[in-house]
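Student: Okay, here's what each chain looks like letter by letter:
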Amino acid sequence: MQQQCLQYGNLRKINNKDMASVIKDKDIKRKCYVSTRNACKLCAPLGACLVFKGIEGCVPMVHGSQGCATYIRRYTISHFREPMDIASSNFSERTTVYGGSRNFITGINNVISQYHPSVMGIASTCLAETIGEDVPALIRDYQDTNCDKKDMPLFVFASTPSYCGSHIDGFHNTVLAAISTLSVKGRQDEHINILPSMVSPADMRHLHEIVDDFGIDGVIFPDYSKSLDNVFTHEYQLIPSGGTPVKDISRMSIAKATIEFGTVFNKGSIRVHYTDHQPTAGEWLKKNCNVPNYQMRLPIGIDASDQFFNTLCEVSGKTLPVKYVEERGRLVDAYVDGHKYVFGKKVMIYGEEDLVLSVVAFCKEIGMEPVLIGSGGHSGRMKKEVLTLYPELESTLKVMDDSDFETMREEAYNVHPDLIIGNSKGYYISRELKVPLIRIGFPIHDRFGGQRLHHICYRGTQELFDRIVNAIMEYKQENSPIGYKYI
Amino acid sequence: MGYILKERQNQVSVAGNHAETIDCNKASLAGSVSQRACVFCGSRVVLYPIADALHLIHGPIGCAAYTWDIRGSLSSGSQLYRLSFSTDLQERDVIFGGEKKLIAALRELIDLHHPKAAFVYTTCIVGVIGDDVEKICQIVEEEKGIPVIPVQAPGFQGTKKDGYRIACEALFKLIGRINRPTPAHSINILGDFNLAGELWMLVDYYKQIGVNVNCSLTGDGRVEDIGNAHNAALNVVQCSGSMSRLAVMMEEKYGIPWKRVSYFGIEDMSEALYLVARFFNDSDMMEKARNLVRKQFERLMPKLQWYKDKLKGKKAAIYVGGAFKAISLVKALRLIGVQSVIVGSQTGTKEDYDVIRRLCDEGTIIVDDSNPVELSNFVKEKGANIFIGGVKERPIAYKLGLGFCDHNHERKIALSGYDGMLNFAKEIYATAMSPIWKFT
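Top to bottom, those sequences are chains Z and F. Take the first sequence: its position 38, counting from 1, is numbered 38 in the working numbering, and each next residue is one higher. Take the second sequence: its position 255, counting from 1, is numbered 255 in the working numbering, and each next residue is one higher.
These are computed hints drawn from the structure, not numbers from a lab. The C-beta atom is built at its ideal place from N, Cα and C for all residues, glycine as well. A hint or two may mislead.
Pair ranges (Cβ atoms, derived) [stated by the list, open to error]:
1. Z:K383 - F:N377: 48 to 56 Å
2. F:I178 - Z:D446: 37 to 45 Å
3. F:G401 - Z:S113: 25 to 33 Å
4. Z:S113 - F:N281: 56 to 64 Å
5. F:G145 - Z:N288: 58 to 66 Å
6. Z:E392 - F:K173: 55 to 63 Å
In silico BS3-like links for lysine-lysine, alpha-carbon gap of 30 Å or less [unchecked claim]:
7. F:K380 - Z:K150
8. F:K380 - F:K310
9. Z:K287 - Z:K150
10. F:K412 - F:K259
11. F:K310 - Z:K149
12. Z:K150 - F:K350
Start from the sequences, fold in the hints, and give me the full structure.
Tutor: Next up, the structure:
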């Protein structure tokens, strides 16, 4: 959409007639829109805050207007149903004109005296970036001025202007920022890094279980399995327990290997002044610290999960625990039991590009037919990735990257999906088309327990497969004139 | 109370004979983790329920994404307001200016959706890069023949309350554009947002006493009705924080008097009806109002008494957006036997807090622009059992093992009016009496 719509940028001045003809005749007819209607993405600082919640002892602070922090809090609390304290440096008009250093210092001081964090995660906003705030310099100044301060936290800064990429870019940029800021030099050790990307707390817990069962010393980062899906605590923990300990993030640079989930990552957020995309955290660790990097799709489906477990076996030199052999076996058995319900069903999938690609692979694996995939991300890689894997989809699959829900909705009428897989925000499309929506990813605002959904490995695939089969059964049952009790 | 930041200490007070006036109406303190949002949010929530208008947010994607279909405001017709439109500015636009993208987006969306008016919200960076939004709105207004109104609401230019004022000024530009035959006993309802259909209940009550609701600002709002708002005899203003600015402007320009009301709780709801009847000085109307109130009172009181018996002795913490709502909540809670031990708001005025101080029992904590550190400590200190607030306060309540009632604009349950009072009692009862608390 972005590239096709570039015409508007070429006009030198606002000219009513020209503009009307450009937009009407070309773009609307081609179903290409200038505006974003019901965005299928969120802003970069949200992704940053999720990562900060996955660092032990960390309090996020958004450097910008008060609203940015508050909106992100509200949005994430509605999904995770957990405390989500995010500070703001609370820009005023004065700050915007004269710079944010005073507010930055006040903000840090107040967070320290209220929260006593061991880490402060600072994310910039579009406002701070536009007025040219040099946050690393602000941090240095603060550290220099307060070097005798006893409870001085560590600082991690992620540049996350919302005009550049989406929440997932903010997420990956922050993972990179944390690792590159906190890493130490030293002799290579035996532990293995896992960078799970933006999966659910339940997925992260499952990864912990897996590395424990393997007997591997694993560093999972970020890790909000606890901080964003906590036990009942009897108290309002100002900094919720959980998160990857700083000492673990630090030693990621001397790990034996890194496994990172994704193929697109933050490659959509190319800044105007950069010639290339930012490296992923795994790529950075490989380049700067010689840690071998294994990049793979999110392990959704048997093939992708096999790849993950095989890699774990390979790098750890251990064999697959029987528990997972059995989980795999049960999943194969479920595939056999359920294959006819799902075969040939046309499916629409949307969300972050990496999630979409992984779910496409899973759908193909069980005989479903992806007909429409969409994302608000605009790395430009989604189509290439999917057609490299499945060249046969070229004529039947509509790939809509850099898209939004309204444009996808219009296209959905052409492709008639039998079911939709994605987050809560596409619910209205499923309601309009009267087809089931299987909720995955983030945000899940219209169902309970989004934070506890499994997506990855054999277990997550099993859960997803069950939910898909059940949605198809329920649809059949509800839409049948006969009240079947056996389906 | 050592946990309260030094700069905030004057924003907290305790009700009692010697209580000092509370500090309020100021920008949130950096790093305090305020529960407030920003100027943009203030304007967006007020204008949001105008159902047949296009709401285009000019800026990067966040501001539009987080305000997509968030209010529980219902519309009896057009659903256009529930879509989220953004110019989704990219880095290139920020560098070279977003004007061209804005004008193209506006034209495209107006042609697609045929709205009755368009609001163009400017966000933080538009305030910085200096796009001439006024001029673009003017061009498109002339071209498309509908009002295209700039809502200049960069998040950093004040507080959420300034956003309310900006929204009022935008609304004022719509008023006076249409003259329709309007019955003599006509009022405008200001500051009800038709959450869960609450406005429709109010319209029905007023109809029963012979009062015509000419225009609602902005619940279930329509551009043409707003254009005719100046023909009403009286503005009845709830949520005074957000709407009194508009009432004042309408009084100055059109000579329409205005009254503050609240529709929460039996007492305030009934007073809202009596007040209108008194204004029109119509004995028939007053009689009808008395009958309506009596009927509702007789219907509700036994039911509420049942709740009161069960809930007696429970203590509540209130932290909501507007202080006027907090005042009503204190009264409504009292009606069902619940004592308010903490009362706070994001945007209250000195006058509001004075009323709260007089209304509340001695020792009640009164707080302006609070945060999780304070609120979690307050509820522990005061031994509250129930928290009444919004989604951001919910984890504070739940993690401490308190009941919670959502009284924010996202709620899907009507809490206004007589039936709303009953729903409110049910909500409080459901959260206070759940057997699950024994595990906490």
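Student: Taken at face value, is the distance from the CA of K350 of chain F to the CA of K150 of chain Z at most 30 Å?
Tutor: At roughly 39 Å apart (the allowed maximum being 30 Å), K350 of chain F and K150 of chain Z break the hint.
Student: Is it true that E392 of chain Z and K173 of chain F lie within 55 to 63 Å of each other by Cβ?
Tutor: Taking Cβ atoms as reference, E392 of chain Z and K173 of chain F lie about 56 Å apart, which means the hint holds.
Student: Would the pair K310 of chain F and K149 of chain Z pass a check requiring their Cα atoms to be no farther apart than 30 Å?
Tutor: violated (53 Å)
Student: Taking 58 to 66 Å as the stated bounds, is the beta-carbon spacing between G145 of chain F and N288 of chain Z within them?
Tutor: 60 Å Cβ-Cβ, so the 58 to 66 Å window holds.
Student: CB of S113 of chain Z to CB of N281 of chain F, is that within 56 to 64 Å?
Tutor: Given about 58 Å between the Cβ atoms, the range holds.
Student: Keeping to a limit of 30 Å between CA atoms, is the pair of K287 of chain Z and K150 of chain Z held or broken?
Tutor: violated (35 Å)
Student: Just to be sure I understand the hint, the distance between the Cβ atoms of G401 of chain F and S113 of chain Z should be within 25 to 33 Å; is that true here?
Tutor: holds (27 Å)
Student: Hint check: K380 of chain F vs K310 of chain F, CA-CA at most 30 Å. Holds or violated?
Tutor: holds (22 Å)
Student: Indicate whether the distance between the beta carbons of I178 of chain F and D446 of chain Z respects the range 37 to 45 Å.
Tutor: Holds: the Cβ-Cβ distance is about 38 Å, inside 37 to 45 Å.
Student: Given the hinted pair K380 of chain F and K150 of chain Z, is their alpha-carbon gap at most 30 Å?
Tutor: With Cα atoms ~29 Å apart, K380 of chain F and K150 of chain Z stay inside 30 Å; holds.
Student: For the pair supplied as a hint, K412 of chain F and K259 of chain F, confirm whether the alpha-carbon distance does not exceed 30 Å.
Tutor: Distance ~27 Å between K412 of chain F and K259 of chain F Cα, so the pair holds.
Student: Within 48 to 56 Å: is that where the Cβ-Cβ distance between K383 of chain Z and N377 of chain F falls?
Tutor: At roughly 53 Å between Cβ atoms, N377 of chain F and K383 of chain Z fall inside 48 to 56 Å, so the hint holds.
When the structure is compared with the earlier hints, violations turn up for hints 9, 11 and 12 and for no others.
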